[in-house]
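Chemist: Place chain B on chain A using the hints.
So the sequence lines, in the order shown, correspond to chains A and B.
Residue numbering for the first sequence follows our numbering, beginning at 1 and increasing consecutively.
Residue numbering for the second sequence follows our numbering, beginning at 1 and increasing consecutively.
I should point out that these hints are in silico values taken from the structure, not numbers from a laboratory.
Keep in mind that this is a model prediction, so the values were computed, not measured.
Do not rely on the hints blindly, as some may be mistaken.
To be verified - Label pairs and their in silico Cβ distance ranges: (1) B/Pro90 <-> A/Glu223: 47 to 55 Å; (2) B/Trp77 <-> A/Arg194: 54 to 62 Å; (3) A/Lys220 <-> B/Pro89: 40 to 48 Å; (4) A/Asn24 <-> B/Thr256: 35 to 43 Å; (5) A/Asn200 <-> B/Leu237: 57 to 65 Å; (6) A/Lys201 <-> B/Ala548: 50 to 58 Å.
No residue lacks a Cβ here, since even glycine has one placed at the ideal position from N, Cα and C.
Spelled out from the first residue to the last, the chains are:
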Amino acid sequence: MEMEKEILVALAGNPNSGKTTIFNNLTGARQHVGNWPGVTVEKKEGTLRWGDYLLRVVDLPGTYSLSAHSIDELIARNFVVEERPDVVVDIVDASNLERNLYLALQFMELEARLVIALNMMDVAESRGFRIDVKGLEKFLGVPVVPTVATKKIGMEELVRAIIAVASKDEKIGVQINYGEEIEAELRKIEDLIRKEPSLNKYPPRWLALKLLEGDQEVRKLFEGGEG
Amino acid sequence: MKREILEEAERSRRHLGSIFGDDPEVAIADRRYGFISGVCKKVLKRPHTERITFSDKVDRMVLHRALGIPIFLFLMWLMFKFTFALSEPPMGWVEEGIGWLGDKVGKLLPEGSVIQSLVVDGVFGGLGSVLVFVPLIFILFFCIAILEDSGYMARAAFVMDRFMYKIGLHGRSFIPMLLGFGCNIPGIMACRTIEQERDRLVTILVNPFMSCSARLPVYLLLIGAFFPQRGSTMLFLLYLIGIGVAILMAKVLRNTVLKGPPTPFVMELPPYRVPTLRGVVIHMWERGVLFLRKAGTVIFGVCLFMWFLTSFPWNPPCSKDYEGLIQEAQKSFQLEVAAIAEALKVPPQQLETHEGFSAFLAVQREFEAMVEGLEEGPEVEAAHRWRQKQLASLRQSYPDIYPLFLKYMEAKTERDKRIEELEREQAAEKLQRSYAGALGRAIEPIVEPLGFNWKIGVSLVGGILAKEAVVGVLGTLYAVGEEAEAPLRQRLLEDRWPDGSKVFTPLVAFSLMVFTLLYVPCVASVAVIYRETNSWKWPLFAMLYTTAVAWIAAFIVYQGGRVLGT
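Next up, chain B with everything else stripped away, as it sits in the complex:
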C-alpha cells in the first residue's frame, strides 16, 4: 500500500514537472512565496528605500490605484477580441462539418422517418451544440493559461479585490465573472480557485447573469428589428443590466441562503514568469477535455430530450393536407411540362433529352452548380452574366425554344417556392402541435404579463437548450426556416395578437432581451453547476431563482414601460 502511494506520488511529480517545466518543489515553494507576498502587500507598509525587484516594478504599474483597473480592462478586452476573432472560423467549420455529416448520414436513412429525424436533428444536432463550443473554449483557456502562468491573473484578482469585497464577493470571484461574458461554462469552472465554499457557491450562482456570447444572436435579431439606430447603446445596456443583477443577487444570496461575510483571503502574488508553451498547452488541454467529458454528456442528453419535445407527437393531425398540397404543386408543374413537350412535339418524359431544349437545361444546370454554396458577390454576378451570354447564343440557334424554356423555368421556380412554403408551414404547425408547442401554450398565461405570446414562450423553452436557440425556434415558428434572419425580422414586425394589435413592439423586444439575458442558465451551464457542486440542489435552485429574477425584471420593463407610455 505504502509503495503504491509512493508510486502514485512519483506519477504526480512527473505530471506536475511536465506542466511547470520545473521540479514540483520549486512550484510549491513559489506558491508559498506567492501567498506570503500577497499577505505582505495587504498588511505591510514598507519604507520607500526598500530595494525594488523586477516584479515590484511591474506590480507598481499593474497594481496602481488609478492605472490598475484600466490596464486590466484593456488586457481583458484584448483577450476577448483575440479569442472571438480566432474561434469564429473554426466554429463555423465545426458547424458546417457536423451539418454536412448529418445530411450525408440522413440520406442513408428512410426519408421522413423517426429514425432519420432522431439521427439528423437529435444526435447530430446535439453533437453540434456540444462541439461548436470546443474551439471557443480551447482558445479562451489558452489565453487564460498564458495570463495565469505569467502571474498576471493573480494581480488582476488583487486589483479587483476591494470592489468585489464590497459587493459581498471575493477577489477571486472576479475572473469567473469575467469569463462568464465569453461563456458561463468556463466561468463556472473557474470558480474552483475559490476555496471558501460559500463564496464559491455565490459566484457560481450569479455567473449565469453575465451575458455570454450565445445571447448575442438574440440581441442582434431584436436590436436589428426594433432599435436599428441605437444598437450599441442597447447592447451595452443589456450587459450592464446583467452585471447589475449579478451584483444585486450576490448581495441578496449573501444575506439569505448563503449567509456570512466574505472570508478574508490572501491573494498570492507569485513572481512574474515567461509562461512555457508546454505548460500553457497542458493547462488548456486538461480544462478543455474536462468540459467535453463533464458537460458534453449532459448537454447531449438534454439535446435529445429537446428533440423529442419538439418532434413528438410524430405526425399530428394538421389543419391542411400538406402532403396533398405538395403533390398538387407537383402535378400542376407536370401539366406545364406536358404543355411545353406538346409544343415541341415530344412525349413529356423525353422533354429533357430533346435536342434543343436539353441544351438550355444544360446551361441552367451548369449555372446552378457554379453558384451553389456561394453568397451574393462578384462570383455570383459573373455566373449570371455567363448564363445570360450562353442563353443569348442558344436563343440565336433555337429562337422557338427560348420562350418555352423561360416558361419552363418560371413553372419550376413557382413549384419550388410553393413546396418550400408548404414545408415551412408544415414544420411550423408540427412544432406548434408538438409537446414543446403545448408547453409554450401552457406557459402563455405566465409570460403574457411580460408581453410575450405563445410563440415566444416556445422559443424560450427552446432557449433552455442554449440561448441562441431562441432565434432558431422563432425562425421555425414564424415559418421562415432557421437560417434566414432578414425575413424573420419582417415576420416579427408583422405578427399580431388576435385583437389586431402588434405582438412585437420595441418594448416587447426589450422585455424579451432582458428575459433572455436573465432566465434559466443554458443546459450546459446547469450541467456544469451540477458537476461543480456535486448535487442537484444547486443547479435546480439556480434554474428556479434566475427564472424568477428574469420574470420580475421583464415584468418591470414591460409593465413599467407601458405605464410610461413608450
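Chain A extracted, bound-state conformation:
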C-alpha cells in the first residue's frame, strides 16, 4: 500500500480576513476543537485528504502581528517556531492589503514556508482595487493565490500551492533589507547566535531581529539556563 504523506499546515491571518471560512472550506466536518496548551484559547484542527496527501490543518488565532504583545500573537508565533509546520497559509484581506501584509512579512522573517491566500478578492474589486497578483508573488517571493472564501473560489488552487510548497525544499520568501545600520548590527548578533548550538532550532536572523526589537519572550531564551 502506498504511504500517505502528511503535511502540517498552519492557517494564519488578521482577524476578519476570512480565516475561519477558509478553514471550514478546507476541512469540512473533519474538525476537532481543543485548547492550546496551558491557555484557554480555543485550538481548532482539521484534516483534508488530497491524492496521496493528508493535510493536517491547524487554525492559529487571528492576529495583526507576531510581536508577542498578546497571548494570541504568542500562540501563533510559538506554534510556527516550535512545531515548524510544513506550510503556513496567511489569509490576507485583499481589500486591506497594506495592513494585512505586515503579518505576512513577519512570517517571512520567521522563515516560515509561506503561501498567501489573497482572500475577499470580490470585495476588493468591487471597491475599486486592482491587484497585480503575479507582481505580488514576484516581490514577496512566495506563492499568492486569489480566493473568495465565501464562494469557495480558489480553494483547489490554494491546496495545490500548499502541496507544491510542502514538496519543495528550497528557501522561499524575500529577505527585507533593514538599511545599512540595522543590517550591520543584525549581522554582528547573528554571527554570535550561529556559534551557540543550543539555539540552532531558531532562525538566527529572526532571533537577532527580535533581540534588536527588545522582544521580551526572545530575551528569556538568552537570560535563563547555561552559558
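Modeler: Structure of chain B alone, referenced to chain A:
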C-alpha cells in the same frame, strides 16, 4: 555565551537608538511598513476615494510621472552645488596645511637626500591625497544622510527604477551612479544598499565611468587650451560619454560575466520624517571614518609606490651637468656683485652692509615680504607703488647708488630665473629617466594609435594615483612646475613629434580627455572595490576592462577623427 549575545544586542540597541533617536523597534517596524508601501505602490491600484496622508500628498508630487524626474534632478543639482561650494575652501586649507607641514619637516632633513624626498613627496604627498578628499566626502555624506533620513532617497530610487531596469540595473543602482559624479568612492560604497550580489557588482564595476570631480582639472586644462570657445559643450559631452559607456557596459556585463536578469525588487517607501541632526551627523561620521580607515591605508601605500616609481633611480646620469650649470649661474652673479662692490669701493662681502646700498636692499626686502603669498590684485599694486615711492626718495639721497642697485636687481632676477629653469629641466629629465618615465616609454607604442606621446603616457601612469595627477605629471614633464597652468597650456600647444608635426591637436586633446575619463579607476576606487567585494578579482577586472574600454573609445575618437579630417 548567551549572556554575551544579550549584552551585544543591548549595545546594538543603544547604538541604533542614538542614530534613529527612537526605539529600534520603531525603526524596524518603519522599514517593514516601508517595504510594504513599496510593494503596494507597485502592485496595487487604488480607487480614487482612498483617504490621503501627508506622505501620499508629497509622494503624488515627487513620484509624479512627468514631474518626478525634474524634481529629483533639481535636488541632486542642489546637493552637488552645495557640497562643492562648501568643501572647496576646506579642501584648499587641507592641501596648504599638508604642504606647509611637509615643507617644515622637509627643512629639518638633509637637502636633496632620499629621506627628504621620501618624507616630503612620498609621505606628505600621499597623506595629502587621502586627506584632501575628507572635507568633500564628509559634506557629501552629510547631504546624503539628510536626503536619506527624510525618506526622499527611497523616492528617488523609485522614480528612476523603470529607467534603470531597462538598462539592466536596479533602481537602487541610481544613487551610487549619481554619487559617482562627485567621487567614485562614495558611489561604490553606496552600492551596499543593493542586496542582490550580481546587481551590486555591475553597479560597482560601471561606477568608475561616472566622471568624478577629480577628472575636472584635466578637462579644464585641455579644454582651456584647445576648445576655449566650446568649453561647456565639451564638458557636457564628456559627462554624456561617461554615462553612455556606463549604460553600455552595464548591458554587456549583464549579458556576459554577470549574466541574469535584474532581480525584481521592492522599493521601501518609508514615511517622511524630519531628519534629526544627531542621526545625520552619526551617519556622516560613520561613513566618513570608514572611507578613511578602509581606503586611506591603501591609497597611502600606493602613493608611496608611485613616489618610488617617479623618484628612482635616484641620481640618474643626465644629459647636462645641472649642478655645474647652477653653480655657474651663481658664479656669474657673484661677478656682478663684485663689480658693483668695486664701484662702491667696498669688498664684495660688505656690499649688503654698505650704508647707502643696504637702504635700497631693505626696501626690496620689505616689498618682498609684503607681496609674499599674495595673488595679483590691488594689494600687490599698492605694494609696487609703495616700492616705487621709497626707491624714488632713496634715489634723491643716493643718486649714484641707484643705477648700481638696478643692475644688482637685474643680475639677481637673471640668476633666479636661470636656476629655476635649470631645476625644472632637471626635474623633467629625472622624471624622464625614472622608472615611471621608462614605463611611459614602454607604453608609447600602445598609446601612439590614440595620438599620445610618451609624456602623455607617463602622465597617464601618474593618473592611476588620482586622475587629477595627469595634470601634475604633465606639468613636471613639460618643465613648468606643477602649479602653473597657463604656461603648461602654452607648452602643450608647442610640443612637436620628431617629424615636426604638432603633438597636441584638438583631436588629440579630445582623445586624451576621453581616455582619462574612462581608463583605470583611481587607486582609491580600486581600494574601495577591493574592500567592498572582498577579493582582488573584481578590482583587477575593473582595472583591465575599463582600460580596454578607454583604449577602444580613444582609438575610435582619434582614428575616426583623422579619417573625417578634423
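Chemist: Evaluate each hint against the coordinates.
Modeler: The hints, checked one at a time:
Evaluation of the 47 to 55 Å hint for B/Pro90 and A/Glu223 yields a pass: the beta carbon distance comes to about 49 Å. Taking 54 to 62 Å as the suggested C-beta distance range, the pair B/Trp77 and A/Arg194 does not conform, at roughly 46 Å. The hint said 40 to 48 Å for the Cβ distance between A/Lys220 and B/Pro89, and at roughly 56 Å that hint is violated. In this structure the supplied range 35 to 43 Å is violated for A/Asn24 paired with B/Thr256, their Cβ-Cβ distance being about 55 Å.
Distance hint check for A/Asn200 and B/Leu237: the Cβ-Cβ separation is about 59 Å, which falls inside the suggested range of 57 to 65 Å. Range check, A/Lys201 to B/Ala548: Cβ separation about 52 Å, and the 50 to 58 Å hint holds.
Of the numbered hints given earlier, the model fails hints 2, 3 and 4; all others are met.
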